[in-house]
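Kindly produce the complete structure, drawing on both the sequences and the hints.
The lines below spell out each chain.
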Amino acid sequence: MMGNFACVEAALVAGCRFYAGYPITPSSEIFERACTRFPQLGGYAIEMEDELGSMAALIGASYAGSKAMTATSGPGFSLMMENIGLAFILETPSVIVNVQRGGPSTGIPTLVGQGDMMQSRWGSHGDLETIAYCPSSVQEFFDLTIQAFNTAERFRTPVFVMADQVVGMMSERLRVPPLEEVEIVERQVAHPDRSAALHDLPFDYSKDFLPMQIAGTGCRVNIESLTHDPKGYPSTDYSVSQKMIDHLLGKIRNHTSEIWKWEETFLDDAEVAVVAYGSTARSALSAVKKARSMGIKAGLLRLITVWPFPDEVIENVSRKVNALVVPEVNYGQVVHPVRENAKCPVSSVNCAPGTLVDPRSIVDALELAT
Amino acid sequence: MATTGAPVGGPAIKVERHARDEILRVERLPHIWCPGCGIGIVLDAYTRALAKSGIPQDKHIAVSGIGCTGRFAGYLDMDSYHTTHGRAIPFATGIAVVKPDLEVTVIAGDGDLSTIGGNHLIHAARRNVDLNVIMVNNFNYGMTGGQHGATTPTGAKTHTSPYGNVEAPFNVPYLMAAAGASFVARWTALHVTQIYKAIRRMMEVEGFAFLEVISPCPPTFGEFNGFPDALDEMKYFRDMSVVDHNADLRDISISMRPDDRLVVGNFVDRRRASYQELLGELKAKAAGGAGK
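Just so you know, the sequences run in chain order Z and Y.
The first sequence begins at 1 in my numbering and counts up one residue at a time.
The second sequence begins at 1001 in my numbering and counts up one residue at a time.
Keep in mind the hints are simulated off the structure, nothing from the lab.
In this text, all values refer to a predicted model and were calculated from it rather than measured experimentally.
All residues carry an ideal CB built from backbone N, CA and C; glycine is no exception.
The reader is advised that the hints may include incorrect statements.
Which stretches of chain Y does chain Z cover? Using the computed rule of at least three CB atoms under 8 Å from a CB of chain Z, they are [claimed, not checked]:
no., region
1, 1095-1105
2, 1147-1154
3, 1178-1187
4, 1208-1216
5, 1285-1292
To give an idea of the interface, some chain Y residues facing chain Z are shown, with a C-beta separation under 10 Å as derived from the structure [said to hold, decoys possible]:
no., residue
6, E1027
7, P1030
8, T1084
9, H1085
10, A1092
11, R1270
12, R1271
13, Y1275
Structure (structure tokens):
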């Protein structure tokens, strides 16, 4: 199955029943298939006038009680940044899939890029903690889409699936597990009884995980894009600002180990390691095998979660090897937090968008590093 | 209805309860709006219409954008959403699609709805999304101190049109009617009863219902344009408003010139299938195995 199709099937398995989209290459197959499949299962897949609108609509849909998603690529991702910030401050479970293509600007719509990685971390204004998963295969695109919905519900926050054109457009074997084997996190819904002590505050800062007030259920709460207190009332008090930001960032920072996913290959005896994510990890695995055949003790650390950055994972691996090599289809993005946390030298292998990283250039870097 | 309370260490105070207190977050009052502003008149009309709508308060949803009118939703004791600048309509669309039984009303200003959010406004009208959209038009960006926008009359002075606005304003009711809205009306802040009745009707209409309310804005628009006091603009509304429900919508642009009329009325009220009705049919079709 094609990666983009697998993403839609995974969303349905996860219980998503609302999709708001705007066509954009190379993510359009997700939108197209959603338009066929969502209504078959009683859901909605609607086309908005632009990505500003689709991101806003999915926040509204999520507050109406539906698991909600959209998919896009670079230019649409840029437009979504405004309301990704809104989803974050309103603590809205939502899933945004970015099938990355070449940039900047309109770039190369039909070819691969990994140039939106820092945008998925810092793209929306203000202090945010974001969560981003990077699939390297069709199977993983499926699995991580389900994971993204679960994480979004657990943390009440937007979650990114940062795929790329190669993973989105390639066809591979997909195993859809029996549904009873799939873990699905359902939303914690707030109690609507306003008179009782059971009444939940919309933004209770004493807890990391909050139930959500669903529109029309009688909670009568103010859901506020301005800096707000636990009741959702706007405030310019410093103490309110500090508590809100501490809560928004803390609920993710305090639980990073729950979110981190990574895969280690040939790392046990490695003297040098590649750190890679997304489709680049496929080039990296091929390079590591080639290097091993040349007598270089190389290993691969594949980052599945890129944000929040798995700093401890990098630190631990960097203590075991003499050097790290970070290949990316950009001119150096995820290499920066790797360098910040590594206890060994870090080098970068980059290529402009439009092609995968050539495994030979990774082998060259491994040779240089040993 | 009156209740009494005795704050610690102070004399007993008598608090008068207003008939609409049940619909307002009284603890958040006083509101932020300036003396003479028309937004409060719309708030009062909306709460009266809500109370008479026959729809439970918990099934009413208010969504606002950013700006002075953007604070509207937050004063209502119901599920209220303060969103991003210009995006109240798509946000509300998400709610209204997932829960078509809810009565969703968007209340925002002219800058929010017709300028930065203009694209969403025309497309929501085109789709005929079952929403009520109330646009309070004070001809400028008030909260940011008075800048011109898509509704500022040609020649009007604001901080960003100090020599007089060179742009032509949108004639928003004409735009809404052309885009396909089921209901289109315009009244001024003077037309208290007509605003109330229009909102009542909007709560009945299945489809996109749009109301423009022309409002005084003494400190940031009136002062530079011949209406330094709110009453000056109210007098203009009284003297120059012409009620014409059958007006040719091409001819109802607003100039605010001393000699020019201001056409108001309930211009459009037509039955057209709403977006939600059509999406419901689409779902039935898809479940039945139809499709490409």
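Taking the hints in turn, this is what the structure says about them:
no., hint, in the structure
1, 1095-1105, "holds (count 7)"
2, 1147-1154, "violated (count 0)"
3, 1178-1187, "violated (count 0)"
4, 1208-1216, "violated (count 0)"
5, 1285-1292, "holds (count 5)"
6, E1027, "holds (9 Å)"
7, P1030, "violated (14 Å)"
8, T1084, "holds (5 Å)"
9, H1085, "holds (8 Å)"
10, A1092, "holds (6 Å)"
11, R1270, "violated (23 Å)"
12, R1271, "violated (22 Å)"
13, Y1275, "holds (8 Å)"
Consistency with the previously given hints fails for numbers 2, 3, 4, 7, 11 and 12, ordered from lowest to highest.
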